[in-house]
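The whole structure should be built from the sequences, with the hints applied where relevant.
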Amino acid sequence: MTNALTSEKLVACVKHLPNLPAVATALLSSFQDENLDMDTLARKMARDPALAADTLRLANSSFYGLSGKVSSLGEAMMVLGLRQVRALVVTAAVVRILPTPGHYFDIKTFWRHSLAVALCARHLARHGREDPEQAYLAGLLHDIGRLALATCFKEAFQQAEDYRNRHDCQMFEAERDTLGLDHADAGEAITRHWRFPARIREAVARHHAPDGQEADSLAGIVHVADVLAHALDLSQQENDLVPQLSTVAWNRLGLDWPEIAMDLVVVEDNFRSMIPMLLPEAT
Amino acid sequence: MMSYGHTGTQGANPDDGTKQQLPLGKARPGMWLAEAVLDGRGRMLLPGGCILSQGLLAALARRDVASIMVRTNHGAPALLSEEDKERASRRVAYLFRRCNGDELTRSLAEAIQDLRTGRSA
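Chains as they are written, first to last, in our numbering: chain A, 1 to 283; chain B, 1 to 121.
Hints are not guaranteed to be accurate.
[Said to hold, decoys possible] With a straight-line Cα cutoff of 25 Å, these simulated SDA-like cross-link-like pairs (lysine to any residue) come out:
id : chain 1 : residue 1 : chain 2 : residue 2
1  : B       : Lys85     : A       : Leu82
2  : B       : Lys26     : A       : Asp256
3  : A       : Lys108    : A       : Ser61
4  : A       : Lys69     : B       : Arg43
5  : B       : Lys85     : A       : Asn239
6  : A       : Lys69     : B       : Leu45
7  : B       : Lys19     : A       : Ser273
8  : B       : Lys85     : A       : Asp240
9  : A       : Lys69     : B       : Lys26
10 : B       : Lys85     : A       : Lys9
11 : A       : Lys108    : B       : Arg91
12 : B       : Lys85     : A       : Asp256
13 : A       : Lys69     : B       : Pro47
14 : A       : Lys9      : A       : Lys69
15 : B       : Lys85     : A       : Leu241
16 : A       : Lys154    : A       : Phe105
17 : A       : Lys69     : A       : Val79
18 : B       : Lys19     : A       : Val266
19 : A       : Lys44     : A       : Asp131
20 : B       : Lys26     : A       : Glu259
21 : A       : Lys69     : B       : Arg41
22 : B       : Lys85     : B       : Asp64
23 : B       : Lys19     : B       : Met69
24 : A       : Lys108    : B       : Leu95
25 : B       : Lys85     : A       : Arg272
26 : B       : Lys85     : A       : Ser235
27 : A       : Lys108    : A       : Glu155
28 : B       : Lys85     : A       : Phe105
29 : B       : Lys19     : A       : Arg272
30 : B       : Lys85     : A       : Pro243
31 : A       : Lys69     : B       : Leu38
32 : A       : Lys154    : A       : Leu241
33 : A       : Lys108    : A       : His16
34 : A       : Lys69     : A       : Leu82
35 : B       : Lys26     : A       : Trp257
Hints are computed from structural coordinates only; laboratory data are not their basis.
Now the structure itself:
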């Protein structure tokens, strides 16, 4: 293990990543605040017109059934509701500010997979009676640690990728074997640095090991969503590999195959509508 | 489109622009849904353009959907070609290449095979 990373190196790494826009941070901390009102959100958004424009583009994706129909965030909130707009603002903020590590990192595949997991998690949360928008954000960010590792530790990241390709194993296994920690550890560090809600942090940190978490943890939902997204093959990664599905996490959702099949077809439809809005230059 | 034979709801489509309504009992795996199926509250159950599978037909029957609109080709319901089924089947088998020992993950592989090809592995 020539490139072993320590948690101290990880923390130092994430401190060099860009900060989330202030409005996104404020919105994240408002997840516990049921009284957040539309005027407050609109005032916060007015301070960041570029972010407001990106959010509107997402809101106008055909996924939301509004193609070309809303011209202001106020209208979007009227039609979609505050909670969905809040998730869209954070989505736009994260995609905009995070760096693209370099040619050695396939950023298009990364965001395609992340969006697929987010949409699967949103559907699964509805079955599990969890907050769909928190599940969506946890899904969107579940692999954010991969981006951090690739940005801060280029050589170590490439060594892990080579190992993964040679052994045809899961990326987290390659990272543990070559670096001593994995992207879930890095994701925990970055979501802590960005002050994400504890439930989202936990889901990011434990999406490959959800069995020990509480029954209402989002980690199980994101784990199942991750497996389903790989199975749907939406990332377009040629050597993609479906991870093993946790029986504990699956049983907690209480789904059967016909039900999940219907969800998956709807997720694919959502994905095709939303991906051109999220990554217009990469589709 | 992907270069390695993905056959999702946007796979090769032998559609000649016509469609017909079929009682659900006459619909078969591998047919193409021509229009979205909505529930009683107007919420989309399935989008138009998807390939029908055993699992999807079972889920529609469970919701008491009486009939659906399918795409037709030369007057008969259009069907996914055997070539597309084979390509999709090989891709699913490749994606699940490391899951042979796990029963639950194998069940997921079978559900995805059904979704992509209208038949179990």
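Query raised in the report: Which of the numbered hints above does this structure break?
Result: 1, 9, 10, 14, 22 and 28
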